[in-house]
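Engineer: So the protein lines, in turn, are chains A and B. Sequential numbering of the first sequence, starting at 0, is according to numbering that gives the first Met the number 0. Sequential numbering of the second sequence, starting at 0, is according to numbering that gives the first Met the number 0.
What the hints contain is simulated information worked out from the structure, not anything from laboratory work. Just so you know, even glycine gets a beta-carbon here, dropped at the ideal spot from N, CA and C. One should not assume that every hint holds.
Derived coverage of chain B by chain A (criterion: at least 3 residues anywhere in the stretch with Cβ under 8 Å from a Cβ of chain A; other residues may be distant) [to be verified]:
no. : segment
1   : 26-35
2   : 41-52
3   : 160-167
Coverage of chain A stretches by chain B, computed from C-beta distances (three or more under 8 Å per stretch; other residues unrestricted) [stated by the list, open to error]:
no. : segment
4   : 49-60
5   : 128-134
6   : 148-161
Examples of chain A residues toward chain B, derived with CB under 8 Å [what the hints assert, rightly or not]:
no. : residue
7   : Q5
8   : T7
9   : F9
10  : A18
11  : Q82
12  : Y93
13  : R123
14  : V139
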Amino acid sequence: MEPQEQFTRFWTEAQPKLAGYINALVPDFAEAEDLLQNVAVILLRKFPEYDAKRPFIGWAIGITKREVLMARRRHARNFLCYQTDLLERISEAYEELAPELEDRSRALRECLKAVQGRATELLRLRYEDGLEPTAIAGHVGMAVVAVRVMLSRTRAMLRGCIERRIRIQNVPP
Amino acid sequence: MSKEQQLIDSYLDGELTADEEGRLTEWLAAEPEHVHQFVRETHLHRQIREVMLARPYRAYGLSEVASAERKVGQAPMRWLPRQLSQWLGLPWSPTLRWLLAPAVCLALVAGLSFWYFGPTMGKPVLVEVQGTGLSLERADQPLPAVPGTRLQAGDVLRTPENVSAAISFAPERTRITIQPGTELTLASMSRGKRFNLSAGKLDASVARQRPFQPMVLVTLQARARVLGTKFSLLTTSEQTRLEVTEGSVQLSRLSDAVSVKVPAGNYAVVSSNSVPAPLFVNEHRRSSGVPVDMR
Chain A
0 MEPQEQFTRF
10 WTEAQPKLAG
20 YINALVPDFA
30 EAEDLLQNVA
40 VILLRKFPEY
50 DAKRPFIGWA
60 IGITKREVLM
70 ARRRHARNFL
80 CYQTDLLERI
90 SEAYEELAPE
100 LEDRSRALRE
110 CLKAVQGRAT
120 ELLRLRYEDG
130 LEPTAIAGHV
140 GMAVVAVRVM
150 LSRTRAMLRG
160 CIERRIRIQN
170 VPP
Chain B
0 MSKEQQLIDS
10 YLDGELTADE
20 EGRLTEWLAA
30 EPEHVHQFVR
40 ETHLHRQIRE
50 VMLARPYRAY
60 GLSEVASAER
70 KVGQAPMRWL
80 PRQLSQWLGL
90 PWSPTLRWLL
100 APAVCLALVA
110 GLSFWYFGPT
120 MGKPVLVEVQ
130 GTGLSLERAD
140 QPLPAVPGTR
150 LQAGDVLRTP
160 ENVSAAISFA
170 PERTRITIQP
180 GTELTLASMS
190 RGKRFNLSAG
200 KLDASVARQR
210 PFQPMVLVTL
220 QARARVLGTK
230 FSLLTTSEQT
240 RLEVTEGSVQ
250 LSRLSDAVSV
260 KVPAGNYAVV
270 SSNSVPAPLF
280 VNEHRRSSGV
290 PVDMR
């Protein structure tokens, strides 16, 4: 297999986890997506150095962590970037939980179908348009507190749905 | 919901106070399982974003597939090689058929790479303010509008008479100059730049945008769709006028979605008045160098 093709395969599998990892350290979607794009370019450039005996995700998280640390001046608002030991533990946890996160992503796609009405609109504004609760409140004419509560409840509902689906999936036949 | 859950939610929504940051750090440091919970939450947050962003494209893709299937009946895969061979004027040998699959895969990988490693899109920053009295409103609250202010979706900029301002998207070479007497809202920045021009005039120089993420400007009467060009857009309560100096801009009338592609050196007017049908968009060709009165 050509290196470029091999990279594309690895990248396609690792991308959602790396995106989640970056978002854990840089919650702003736009900033996180810019960083992810830089990481993609760096990983592609460094791919000849990758040791195929090691898991790709671990190698990629190591490089991503360095990038986040290098970019932390720009992300000074995100205090987690300054907690080096915590950063290390989050990186390890992402590597450790990688298979579980994949199951969770699959379950989420199904669970999102159950979200209806105003909750869908709030999710769209928060996650598709990237607006923060204060801006969403202005858009939909709701109190900021009400927006926060509704978003939290919707996420709690999704969390519950994901847990149920994963439990069912793990029950032996 | 637990207090820790609320802290994580606030962190992910960008609303954590300094005191809450401290509490979240302590909680994360206390138990390895807490870090695992945090990781699951941030992953959920990211994945909702990914799924929500993919929805419009999936809907578009499905409608395209449905339309292609309608076009060729029940056998689209038989129709494609035959049609390709006709277009390419090739004798469609078995070898060529076998070559088609890797070629399509390669094109797909190249397309995806182009999509992913495409131009970096910058964030809107207010870079220049000429005169005093520029107003910036965020969530109905006035903010100081000074050069260097980072703008967000939902922000409204109003320039009084004798005041102009410029927005830059550096490192991307896109710049919008807002002329006096203009009201501009940054409607959305997440999937392409979207602005609402309620009144006044702007001049824009737009760098190449990401595929399927054009810059879109909406006025009371029209929508201008831009991928990379230089143009001016003027709107009043009666009409919208677009002048293009480089590239081309797709201008659509909002009332019926009829659109016209305005090339460089041309201008077009969209009016909300009930004008005779053939004049729904007046496109006037002009010789280069002749100034256009935008007022």
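Engineer: The structure should be examined with respect to each hint, and the outcome stated for every one.
Structural biologist: Hints, verified against the model:
1. Under a criterion of three residues with beta carbons nearer than 8 Å to beta carbons of chain A, the stated coverage of the segment 26-35 of chain B is upheld, 5 such residues being counted.
2. With 12 residues bearing a CB less than 8 Å from a CB of chain A, the segment 41-52 of chain B meets the requirement of three and the coverage assertion stands.
3. Restraint check on the segment 160-167 of chain B versus chain A: 0 residues with Cβ-Cβ distances below 8 Å, three needed, restraint violated.
4. Against chain B, the segment 49-60 of chain A contributes 0 residues with a C-beta closer than 8 Å to a partner C-beta. That does not satisfy the three-residue criterion, and the hint is violated.
5. Three residues within the 8 Å Cβ limit are the bar, and the segment 128-134 of chain A against chain B gives 7, so the coverage statement holds.
6. Residue count for the segment 148-161 of chain A with a Cβ under 8 Å from a Cβ of chain B: 7. That meets the three needed, and the coverage hint holds.
7. For the restraint placing Q5(A) at the interface with chain B, the shortest Cβ-Cβ distance is roughly 11 Å, beyond the 8 Å limit, so the hint is violated.
8. Hint status for T7(A): holds, given a least beta-carbon distance of 6 Å to chain B, under 8 Å.
9. Because the smallest distance between the Cβ of F9(A) and any Cβ of chain B comes to about 13 Å, over 8 Å, the interface hint for this residue is violated.
10. For A18(A), the shortest C-beta to C-beta distance to chain B is roughly 5 Å, which falls under 8 Å, so the interface hint holds.
11. With its C-beta approaching chain B no nearer than about 6 Å, Q82(A) sits inside the 8 Å limit, and its interface hint holds.
12. Hint status for Y93(A): holds, given a least beta-carbon distance of 6 Å to chain B, under 8 Å.
13. Annotation: interface hint on R123(A) holds; nearest CB of chain B at approximately 6 Å, less than 8 Å.
14. The criterion of a C-beta within 8 Å of any C-beta in chain B is not met by V139(A), whose closest approach is roughly 12 Å, and the hint is violated.
Going down the numbered hints, you'll see the structure goes against 3, 4, 7, 9, 14, while the others check out.
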